[in-house]
Structures are given as structure tokens and as C-alpha cells.
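J.: Chains as they are written, first to last, in the numbering used here: chain A, 4 to 250; chain R, 258 to 693; chain W, 2 to 905.
No lab work stands behind these hints, which were simulated from the structure alone. Positions of the beta carbon are idealized from the N, C-alpha and C atoms, including for glycine. Check each hint, because a few of them may be wrong.
[What the hints assert, rightly or not] Short, incomplete list of chain A residues facing chain W, as computed with Cβ under 8 angstroms:
no., residue
1, Trp119
2, Ala138
3, Arg241
[Claimed, not checked] Over 10 angstroms on every C-beta distance to chain A, these chain R residues come out as not near it, computed from the model:
no., residue
4, Ile287
5, Leu298
6, Gly303
7, Ile347
8, Ala393
9, Gly447
10, Ile553
11, Trp562
12, Trp577
13, Val596
14, Leu597
15, Ala613
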Amino acid sequence: MAQIFSARTDRRLRRLLLALPVLFIVLLALGFYQFRSSAHWGVGGTADQPIGFRHDIHVSELGLDCGFCHTGAEHEAAAGMPSASTCLVCHSQVWRGVEALRPLFTSIELDQPIEWKSLYRLPGHTRFHHGAHAASGVACAACHGDVATMVKTEKAEPMSMAWCLDCHRQVGERRQRKRIEALFSLGHTRESGSRRRPQVNPASPLFEARQEQRDSRFRGSDGSKALAAEDIAFASPRLTDCSTCHY
Amino acid sequence: MIEHVHNPPIDHVIDPPLAERFGRSWWAGIGLSLLGVLLLLYSLGGPAFTGIGVWGTTIPYVWGFDLASYAWWIGIANGAALFAAILVLIGNSLRTAINRFAIGLAFGAAICAAIFPVFHLGRPWLAYWMIPYPTAQGLWPQFRSPLTWDFWNILIYVTVIALLWYVGLIPDLATLRDRATKRRRQLLYGLFALGWRGSARQWALHQRAHRIVALTLIPLLFVAQTIVSFETVGSLVPAWHETREPLHYVASGFLSGLAMVLLIALLLRTRLGLHHHIDERDIDLLGRLLLASALILAYLHAAGWFTAWLGEEGLRAALWTRMTGSYWPFYWSGLVLAVLPPQLFWWRRLRGSTIAGVAAALLVLAGIYLDHLSIIVAGLQRGHLATSAALYSPTLAEASLLAGTIGLFALMVLLSVRRLPIVSLYETRAEGLGKS
Amino acid sequence: MGGDTPGTLWRGIEELTADRIEALLEAEFPVLHQMGTMDRRDLIRLMGASLALAGLTACEQRKPPLLSQPSSPEGQAADKPLYFATSLGLDGYGRGVLVKSHDGRPIKVEGNPLHPASLGATDVFMQAEILSIYDPDRSRTPRLGSEPRPWSALRRFLAAQRMEMTADGGEGTHILIGATSSPTVAGLIERLRARYPAMRFHSYSPISDPLASPELIYRFDHVDTVLSLGADFLGAGPAQVRYARDWKAARPRLIVVESSPTLTSARADERLPLAPHEIEMLAAELAAGQGPPSIVQALAGTPGRAMVIAGRDQPPAVHALAYRINERLGAFGNGIVAVAPVRIAEGIEPLDALVAAMAAGRMRRLAILDCNPAYDAPADLAFDTLAARVPATLHLGISHDETARVCRWHAPQRHVLESWGDLRAYDGTVGLQQPATVPLVPGLSTIELLAFFAGERPDGRALVRRQWNGLSEADWMRALEAGVVSGTEAEAIDPVSPSPTRPIQYGAMTLTFQPDARLWDGRFANNAWLQELPSPLTKLVWGNAALIAPATAASLEVETGDIVEIAHRGATVKAPVWVMPGQAPGVVTLSLGYGRPSAGRVGSEIGTNAFRLRAADTPWAAHDVQVRKVPGNGRLISTQRHQPIADSGAIRTVEADAPEEQPSLYPEFPSLGHAWGMVIDLDACIGCGACTIACQAENNIPVVGPDEVERGREMHWIRVDRYHQGPAEAPETHFQPVPCMHCEKAPCEVVCPVGATVHSAEGLNQMVYNRCIGTRTCSNNCPYKVRRFNWFDYQSKAPATPAPANNPRVTVRDRGVMEKCTYCVQRINAARADAAVEGRDIRESDVHTACQQVCPTDAIAFGDLNDPNSKVSRLRRSGRNYALLGNLNTRPRTTYLARRRRRT
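Taking the hints into account, I'd like the entire structure generated from these sequences.
T.: And the structure:
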């Protein structure tokens, strides 16, 4: 009887069979790449806001400090958005009649809040405390990028859990090292150069001061004692505990 | 090619797959099992949407039918596959008759079992978190947990069984391809025959592959059932924390697997008239094996009592609770149904009788299920602080889930019966040639 | 006085045109006028916020917008909670609390450390107020009959009534006020009397006689021996928290004689179960200097430092006898202080006077404020039928309850957390009440309504301020901040012997009543938290039962779960039987507050209504009742459905004066920084359940309803196990609160396939909800069975807690995830954040778990085990410290202190 498949078809079939696992692996790799890409996490993304607010003007040109509008950033969990009345401190004189600022007045008149679209809002089960980060010398720019130069505010970092952990792990290690140094009473040495070391934003004297305050606890007449307090306050593994952010 | 010569012994086997008309009873069977599958979909979807609270499970009885059914199916798969693999390795005449559909059954049962680890979860849609892959959360599965091992267990297990089945099928698919008259069927069988030509080299490779897969399967089977048992053994629950438990699982699994094989064997040879291929000797041998493994299980039960008697108070009390607590019927019916019916097979005549065989097989299967239920549920009744009241009672949702998986299993069996040679053609042929 | 004095010139409403009334009343009712405009908008915003903040579930991805509020809130930051000091009433007495409010939503109640009746702790009722304020069944509109009516209609009715009263001088006008101690109310009554000389005032409480004089205050720190004649001073009551604290501090020798087991007898050193008449006989013997030697010696053994307390449910005869004994013991002035009635009694008449007036049929008007006599008045008074005959009746209440249904008019009452007022504590100290939120529902407070009748501007704040115009503005503000007005304790007066009444006809079988430990007199019936809170001794939820002694049960041939019919003077009720170890033979006990016909969607028709058998002459015991078994099975849901394993060693006791040898503890698990741990003192625990419900409020723990509890699916993170020991006739009773033990070698952690429960560096056994896939293996492996599973989406299933009541600092758990005690990690983290911001380390005083904070007896200690000076470390070093199931080597971070057994 006649052959159903020619020899060539057989060979093709076999090759196809071989190709399948390869294809599978390639797909996995692609998926992995996709979910790690900045695009997937909306890095560089912007949002259309009710008011075309420009950080570059307010921060770089006018030299407003982050804490001036985001009053919670230094001490509280939520950085907070400035109230319409805060904006109107200046804008009741400056740019008074401008249409773009209408929402401020409407908000006051109707006694209704202005709704900004959030670029950074974390999922509900994740808790973040601005104050605690500021207190340990993490500059705003470490997560929000160089907002001072942004015409339209854009998302600077992926805000993925892996991204958070990246920093928490490294800071943890550094603190661990501090502890060890402390225990061997080598005194405190400022280590340098881990990739994601939180920078102190020079534009913000606020955090400079905080950094100073923290460092003063390392130095001090009775070094060892201060350091003992230090390693209790910053026991390294705590930063990567689940309950640090999820509870 | 040698197959072209017409040799009668295999016609009976080849006819069914190539037949045009399947007969009313078969369609009835298909209809029923399809209903079962619908039921399965419903009873999987319900809990997934409303919450697994529709089951009778609660604290401390956090597991019920879900885990019992899982252990039961995996046990059947184990028994059947182990049996098949051994047959592949030893050239017993049973092999020709049983091995093919035994491994088929194992595959079906494994699929049914694989449903539960996913759908017994509170949030089944997140089951993929048990797969170790580099997540965006920077998290990995927890490799100390028996449940993580179980995930791998099922995965490897289904793969290897499927392999053993398929590798065995290749030459027969080729035969079917050549026998097929319809173009569509020729193509289909041909595709899966992977261009089998039956050259000497192919035969040599095929036999080696078949044996290797079978060899890998055997240790895996012991491991598989043991890992399943770890889910309970590896915990602090007094009744579960026992070293003999894994052995118990393996033994009960083998028994249930054999029972299922015997059941299907009897049905096939009566419904499909395969008396030549699955002959009295085969059935007789199966009967003896069933009897033997029932005795092993009985021994293990006895050993359990003995160790409890020697063992510390907690263990003794826990076993006592299983025997006399609120769920005592599970324990005793499980024991009796699993161990007694096979005792019929001390008599040759009964070993031969279809009715006795079917009845015994069904009873044993039920018994093993109840035994698992007793381990899971009754085992949880006595904790460290207190002996809990009988808060667990199986709900309709749980029962229908079990029924649904049985429907799925039946569907798979029926389809394979109709589309594949349920007795190895080439081996039969080999026997045939050997005889002539 | 407001601008409506011309009102006196009118002779009837018809002389006024409607719009003029409107104009007049708009001016008079600013509260109601604003209601529906400004307040409602606030409310909408509140609820919006609540959904944004409290609705966060375990795997929710919705992004609520960032909000720029129109103007910055002065002072506090938005995401920091505010605390308001106020007073919550129970039986008319005030108990000081601090109400924690988030984004304008009250979410938690804590005790007020400055208030004598709280000292920083709370009871279950105070905790549950949070749920009451969000109760969807709260009355929202005025009603005429059952028909909703606009506020203007009610205003017109009130104005008309006032004008008629002005005309007839209040003739035939009666005002019934639920027992209260509010000086402002007292002041208003004075002014009303001045205005309407013929107006009559009544006060009623189903639990106590508000007019009883003098009142006795007990000082446990002044005595060494206490004999309780049926007095359950450790049980639910207006002074429970304070008395428990004092008792724990002094630990006097405690002898309890009673008919039915109570929390007090569970802690007694000696206990005597007696039927009511036997108690009276014993009291008589003791008064005559005879009686059981052990008791006599005990009382005589500590001269001047012993006292006898007669329970509120004892007949006057027993009180009189107790008075004689106390006089002989010289208890007055030491252990017992007699004071003038704390609750308003001057010129106030009791309920039966009101009933008499109603029966006489000359009553024109009746206003019932803040009480529910149609349900809780003695049945033989037939209050509801009589009230229906009164031409003009008005009910002011928080819900459209039984009394509202027999009154012509019903007006919604403001919740206590929404209104201004003042209340006096059990010792007379005045606590101010201030709103902790804008009114969630339009309503009037009692004083506002009274003020309207008195022709004053019904403005709560102004009325209270006026009452306290003696205070300088500075003192006023200080009082508001502290929640108490200092130096207002009641002065001691000379005790007088209660007048002995005619002897009681005792019978073979007696039915006694108890205020319920969860529902009190029924006012909390619609509160799902309390309905699902296990009753301390029976562990019953969602219902009550007839408690019967084992012996009596045998003679009646009934057992737990059977139904009995109890008949008394023609009235009958059916109740399921609960065979109660330690119950006095021949005594059946029913708790009040259940079986309400119209409590609301949660509480209606649950349990047996004991009021139906209650008689006015002997309110606390129905003598000579017939009890017979009837076919059928009662539905009893108890959360303790298991036999404890005796040899598990869960409960340990030590001789009080045993030398405290150092225990052999395992070497501590090495840990950096803090090592959080908890020690629970079984010697202090009175089993009141405040910890359970405080935990529920703090951690957004869902209510699952009777059906689910029956299946063993209650969600409480800290349960209080109850153990009986010894003979069923008179057993010892032990309580053991069981939260997650936070084992250092936690069995749950190793078996989770996805690592959803893991250990923290500080020793917390963390449960990561959003990682949990729900295998439930952890619960299998937990020997303490403290893990709870969300079998359904309990947050949306009735009776679910309204979202605004949720604590925004705690994730609301999703369906299919495991949950358990977290050591209140949200509080630890908040404290840590604050510490970091202030550049310091966490202090011990910064972190209190919810259960620890509310415990009346301070039985729970929580803190840092790495700090050798912390309280918890010190307690751990005590010889009484032991670990539950320590033999499993799970190394729990939560350990227990063995109960002391007094050598007798």
C-alpha cells in the first residue's frame, strides 16, 4: 500500500517534535523579560492631572522643599497632597485668573477634594511609611527620581516587590556590617558604593539634617554604647521581614 | 513489513478501534461519564467562586473528601502503574494481556488525582505559586514543605506514566495506521506512530526505551506514594505522626490499583469478547495478587495496633479515637471492606467468577477510600489540647466532586478502549509467533 | 431661654400658620435644620474615605486617587488617629473611654486611664459600641406609628405638645427616662419642673433600682476577706472593670454563696452553691453569729477588714441581713462606703407609679427616653398594652424597637459617640461626653429633646456647658480633654438599713434571672460582635439557655439540648437546657436580654425572652415555677465543643505561698534587637472576654453568624478556653486565653508550600495574607489550633461588620486565606515608625496589644524579652511561668503564669 508519510515528512515531524521544547523555553524567557521590563511596571509613565502642575518650576526654579507641599513626607506614613488652600497661599496672587488653576477655586467653593491620579500608589496589602524612610536618610529621589527637573511628573522606579527588597536587603547587609564592626569596636566607618545606596538629596537640607542626626548616634563619646543602641534599632534581618510591609 | 501478513490472534484487538459502529451500551457509557464530567466542572467551579466553605471542612478538620480523594486516586494510579511496570520488566504472560490498559488506567487515575492539589486550595487561581520561577516579588516556594514536594511528585509522575504508556503504544499505532482504511485515521494514527517502520534497529531502540522508562517508574512509584503520605506523616497531628504510614499508603495503593485493574479487565473481556487475550490464567493470577496484597494490608493494620500498643500514650489514644471516636465507621468499614472481600479468592472457582471478581474489586476500592477518609478525618479528631467534637460531615459538594472525577476517569477509559488497542498487539503477535 | 417665650401666649397650635412654626423651629432646632445638608455631605465624604481606606482586601489592586482636600485639617495629620475622651453608659453609670477616630470614623474604644471606672481598661460593652454606631438598623427617620415622617412633621408635633403643656402646665404629662446619672439631665428636669409644675418624671432600669438609697461602693483594697451573697462583682456591670482591678490588686480571701455560677465564683477561694431561700437562711444565721464555721471564722479572722456583699439580685431581706453583718464586722467606712444615689433620684418616681397612672387612664402625654420598657418591664405590668392607651406618646431611641412600636411617635436618638452629655461613674465622678464623629444618622440626644420641652435651644454642647458653667473655660477644656471633672466624687453618707419587706413565698423550683454577659438587658441584642462573643462560662453564642444543675437535670430527665417549658403565674416560655456544673439544685437560671421581637436584622427572635416570666414584686427570682420537658431539640451553639485532654497540662495551679523556684526554661532562641513575647497570668484572668472582642475590633475580625460558628468556623484570634475541675456539683473553673503562641520553632511555618507564614527577626510568627493560597496545612500542624480560615468571604456575608468600622491599619482578609493573632504587629510597626522619626528606639510603653490594653485585671503582659527589665521578662522569670504544650518543644513566645491556689 502507499506510504502515508514520505520520508521527508517524517524527518520534518521529528524536527518539529524537537522544536517544541525549544519554543517552550523561548516563551518562558520572553515572559520573564516582559514581566521584569520597565514598561510592564509603567516606569517613565505619566498621568494627565486635573491641574498641569510642574515640579520643575516649583522645585528647581522657586526652590520649594518637598516637605512644603507634601507635609507628611518627613514624619508620617503618607506624604500627603497639598490642600487647595496651600496652593492658594501663592496662587491667590500669582497667576490668579488662569483657567488652569480653576480646580483650586472650585474645590474651595464646592468643598470637594481635587482628585490627582497616583503614579506610585502601592497595592492595598502593602504598607509604606514615608517618615520612617526619611528618618533613615532615604532621599525622596531614591524612589521618585529627580522630580526637581520633571516637567510632567513621571514614575521613576518600578515599585515592584523585588525592587523594594533589593534596597532593603542591601541596607540590611550594611547595617549587619556596622554591627560587626561595632562588636569588634573598630568604630564606625562610612562604607560606600553599593548600587542602590540611598543618596542624600542635596536639594533637600531636610534629609541632610536627618542623616547627620543618625550618624551622630554612631559617633559620640561612648561609641560602643551608641552602637549597641544602633544594632538594636537596626537589626538587619528586620528590613526583609514580611511584616515590615504587609500586615 | 511483516505485519502485513494477516494473523488472526490480534483481530479481536484491532477490530474495536477500527470499527465503525460502537454499539448502544458504549454510547450510554459515554453519556453517563460525560454527565459525570459536567458534574465535575460544576463542583470544581462552585467552591472556586463562592469559597470552599461549601465543603464540610472546618477547624480542626481542615481536610476531608478533597485530600481523601486525592490519596485514593494517586493510590490507584500507583498500584496500576507499579503492576504494569513490573510486568514490562518480567516477561510474564500476564504482561501481554494486562500491562497496556493497566498503564492506561494509571494515567487516567493520575489525571484525576492531579485535580485535587490545585482545587482543594482556598485560592486555586494562585496554585502556580508552587512553581519555582523568578517572581517579581523575589519569592520562591518553601522547599521544606511536603506540599511543595507533592507538586513535583504529581508533575514527574504524570509525565513518566504518560511516557511508559505512549512508548508501549508506538508499534501498535503503526499497525493501526496500516490497518486503517479511512484517510483521516491513517493520518492520525500515522502522526502518533512517529513514522514507525518496524525496522530491526527501531525495535531494538524501542525495547530499550520501554524498559528504561519502566525502570525509572518503579522507584518513583514508591517515592510518590510516600510523599503523599508525608503531607500527613510530616505533621504534629498525633494520629498522623507515624513512621509506618508511608508503607500503609503504598500497600493500600497497590491493593486499590490491582482492584481497579481486575475490575476493568473483567469488564473488558466480557464486553469486548477478549477472552483469548485476557484468559482465565490471567484473571486467576490477578485474583491471587489481590489476595496477597490484601493480606499485606491486613498485616500492616495489625502492625499498627501493635506499635500503638507498645508506643507512647498520645499515639495509642489517637488510634483509639480513630477506632472508637465519632468517625469509627470509617475506620472499621475501611478495614473490613479492604481486607475481607479478597479472601474469597482463596477458592479457585471464585477467582474465575466474573461476578465475584467485580464485586470484590468494587468493595476493595470503596474500602480503601474509607480507609483514607478515616486517616484524614478521624485522625484529626484528637489534637494535643483536646478531642474535638464531630464537626466534620461531608457535604453534597464534596461527594459530587468525587463522583465527577469518577466520571472523568470512566470517560478516559471508554475513549481509550474505542480508539486504542487495549491489549498490546505486537506482544500478542510475538506470543502468537512463539506458539506457531 | 430661646426666643420662643411668646409661645406661652398661644392657646393652641391652630393659631399658628405652618410656615411660622417652621420658621420658629428652624431657629430652635439647629441640629435638625443642619441635618441633611452639611452633615450629610461630611458623611458622604466620610464613607468615601472609609471605602478607600478600610476596603483594602488581601489581593486588591484598585488605586484610589490622591486627594487634595480643600483646606488642611488643623493640628493633627490626616493619617494619624485622633482620640476623644468621653463616657459610655451602662445602667445609667458612666465609664470613661478614649475613642480612637480615623479620618473622622470612630474605629476603636480604649479605656480612659484617668476615669475611676476604667483606669485604662474596658469591658466587652465599651468595645462593642463601635459596631453599634454603624448599625445599619439604626433608626433614621421619625415615625408616626410605623410610617416614616419628615422631621418637620415631628417638629410640628413636638411644638404642639409643648404649647399644650404650656397651657395645662404639664398636667397628665409623664417623662420616663432610662436610668441615668447625667447632671445635665438632672438640671433640665429641674428647669422643666419649674416650667411645668404638674409634669411627672420616672426612671427605670431592668437591672437595678435607680432610686435605691444609699448606694454602696466597695473598696476591695481595704479588706482581706469578702463574702459574696450572690454578688457577681467580677461579672458584667457598671463597676466591673474597676472592681476587678481592685480585687486583683488586693486579692482578698473570697467566699461566694450563690445559686448559679458566675465569673466571681470562678475566682472564689471557697464556693457554696445554694438556692435563693437557702442563701437567705444562711444570711440569717450569719447575722445571728452562727452558720458554717469556715465562713464565720474567715469573717472573724480579719477584724475590720472583712465585708459582705449582697448581690443586686438578692431580695431586700438578704440586703438587710447583709447590712447587719457588715455593721457587726465594722465594714462601713472601711470596705464599704455608702453614698447618696449617684443616678438621678430626686423627685423621680419608679416605673410602677407610671404604670398606675397609665392604668388610671388620666395620662395625656408620655415621653419615653432612652429605654425600652415595652420589652424589658416586668411582664405582669403589661406596659405595652397600657402605653398604647395614652393619647400622645413619644419614644426617643437608637432603634425602632419594641417600645417605639407601642408609641405613636418615634424619634431617632443620637448614638452616644455622636452626642454631648455627661455621666457619673459608680463612685459619682463626673465624666463628660463629647461626639467623636459627625452624626452618621440625623437624630436628637436626650438632653436636646428635654431642652426643647424646656423651651431652650437644643444644642448639646451649650446645654452641657451651661450645666458646668461653674468651670472656667480652661477647666472646661481640661475636663473635655481628660474626660473627667475632678473632685466630683459622691460624698459618703450614713448607711441606713434597707427596709425588710414581707417574707417571700419560696417554692420547690426557683427560676433566677441574670443580666446577660453579652447582651446585658437586651440593649446590645443587635450587636453581632456581642452575639458571637462566647458567654464566659457556657461558651454559648447566638442565644441563651436554661441553666440547670446536673442533679436537677437527672430528676427532670433532661440533658443539654433538650427543651423545657418553664411556667410561672400562667406565663410560659420554652428554653433549651444547658446542664451547668456548679449550679445549685432546684434552681433554673435564665439570662435576660434575648428573644427580642424587634431588635433588628441581627438580634430579633434569638434565644429565649426571660422577661416574659419576670414579676414586678420579685424581679430577680420567680419562685415555685413549673419546669417540664417538651419534645424537640433546642439549638445550642457553644464554641467549646470538645473534651479537654486532662493530661495535656493546659492549666497549672500552684500553692499561693509556694516558694517560687526558678523554672528550667530552654535556652532562649538567639535573636537580634527586640524579641516580642507575651505572658498571660492565669491567676489574674477573670474570663470576661474583653480581650476577645477588643482583638476583634482592632484586627477587623469578621463575624460569621450562628450557622458558621456551629460548624466550628468562628474567627476570634484570641479565644478564652474554660476548664472545669473536680465534681460536677461544685467544680473549680479555670479560664485560659489562647492567642497564637508565636512559637520560636513554629510547626506551621515549615509546612507552608509558599512561605506565607514565616518568622520575623523579632520572633513574630508572621501571617502574610496576600501570599497565602489556602492549603490549610498550617492549621493541621498547629497544636494550639489558633489559626482561623476564611472559608467564605465573611467581610461581605451578613452579618458582616460595616466597612467604616474597620481599622485602616489592618488588612481586611480575603476569602480563602488563613489568619491568626499577629501580636498586633500594626501597633508595633506604628511605634517603630514613630521611634525612627524621632530618632530613638522603641520604649516598652509604646507598644500595647489590643488584648493587653483592655484587660481589666492586667492579666496580659507584652513586651521585649531581650530587655531584662521589661515586665514580660520579669514575669517569665517567675516560678509560675510555663509554656502551653511545652513538651512539643515549639518554644512558644506566649507563656502562662500558673494560677495560685490559696491553701485552705
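J.: Look at each hint and say if it fits the structure.
T.: How the hints compare with the structure:
1. A distance limit of 8 angstroms between C-beta atoms decides the matter here; for Trp119/A the minimum to chain W is near 4 angstroms, and the interface restraint holds.
2. A least Cβ separation of about 4 angstroms between Ala138/A and chain W falls short of the 8 angstroms threshold, and the interface hint therefore holds.
3. For Arg241/A, the interface hint holds, the least distance from its beta-carbon to any beta-carbon of chain W being 5 angstroms, beneath 8 angstroms.
4. The Cβ of Ile287/R lies farther than 10 angstroms from every Cβ of chain A, with a closest approach of about 29 angstroms, so its non-interface assignment holds.
5. For Leu298/R, the condition that its CB be more than 10 angstroms from all CB atoms of chain A holds, with the nearest at approximately 27 angstroms.
6. The beta carbon of Gly303/R is kept farther than 10 angstroms from every beta carbon of chain A, the shortest such distance being approximately 27 angstroms.
7. Every CB of chain A lies more than 10 angstroms from the CB of Ile347/R, the least distance being 31 angstroms, so the non-interface label holds.
8. The Cβ of Ala393/R does not lie farther than 10 angstroms from every Cβ of chain A; its closest approach is about 5 angstroms, which violates its non-interface assignment.
9. The non-interface label for Gly447/R is inconsistent with chain A: the shortest C-beta to C-beta separation is roughly 5 angstroms, within 10 angstroms.
10. For Ile553/R, the non-interface assignment is confirmed: its Cβ lies about 41 angstroms from the closest Cβ of chain A, beyond the 10 angstroms cut-off.
11. Every CB of chain A lies more than 10 angstroms from the CB of Trp562/R, the least distance being 44 angstroms, so the non-interface label holds.
12. For Trp577/R, the requirement that its beta carbon stay farther than 10 angstroms from each beta carbon of chain A is met, with the minimum near 40 angstroms.
13. Remark: the non-interface label on Val596/R is consistent with the geometry, its nearest Cβ contact in chain A lying 46 angstroms away (cut-off 10 angstroms).
14. At the 10 angstroms boundary, the C-beta of Leu597/R stays outside the reach of chain A, the nearest C-beta of that chain being 49 angstroms off.
15. Its beta-carbon lying about 46 angstroms from the closest one in chain A, Ala613/R satisfies the requirement of being farther than 10 angstroms from that chain.
Consistency note: the structure conflicts with the earlier hints numbered 8 and 9.
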